[in-house]
Amino acid sequence: MERPLLVYTTFPDAATALDVGEALVRARLAACVNVIPGMQSVYAWKGAVERGTEVVAILKSREGLADALAAELKRRHPYETPIILHLAVSDADPDTAAWIRAETGPV
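Going by numbering that gives the first Met the number 0, the sequence shown opens with residue 0, and the numbers climb by one from there.
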């Protein structure tokens with residue numbers, strides 16, 4: 000049985016994350032997108048150390064949609080190089096996994 004997949008990414012603000020998240024849910028590439036505002040980031044970018052405020056987005060999907068989800072996320076993302084980390088799920092509650100499968104992929 001195909002396993003759930005979590006995708007971690009960041010956005011510059013909650014409105015953008017929610018807009019992109021809604022598009023991904025409507026496209027059935029993600030069953031849910033959690034947006035967590037208020038993150039402070041320190042990161043290396045083009046040879047400099049930067050600081051900024053971002054929001055975290057955690058996307059709930061499934062392994063078989065990983066490539067399509069990443070491609071659509073990149074297409075819609077405002078960052079030049081968005082962070083897209085696929086976090087493998089070793090196990091999930093059966094009802095949660097069934098819900099993710101039911102809400103993603105073809106209608």
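Keep in mind that the hints were calculated from the coordinates and are not lab data. One or more hints might be untrue.
Unchecked claim - FRET-style restraints, in silico, Cβ to Cβ:
{"id": "1", "residue 1": "Pro105", "residue 2": "Cys31", "range": "17 to 23 Å"}
{"id": "2", "residue 1": "Asp90", "residue 2": "Ala14", "range": "33 to 39 Å"}
{"id": "3", "residue 1": "Glu49", "residue 2": "Ala14", "range": "19 to 25 Å"}
For every residue, glycine included, the Cβ atom is placed at its ideal position computed from N, Cα and C.
Per the hint of 17 to 23 Å, is the separation of the Cβ atoms of Pro105 and Cys31 within bounds? The hint (17 to 23 Å, Cβ to Cβ) holds, given that Pro105 and Cys31 are roughly 18 Å apart.
Range agreement (Cβ of Ala14 with Cβ of Asp90, hint 33 to 39 Å): 34 Å, holds
I want to verify a distance hint. Is the separation of the beta carbons of Glu49 and Ala14 within 19 to 25 Å? 21 Å, holds
The structure agrees with every numbered hint stated previously.
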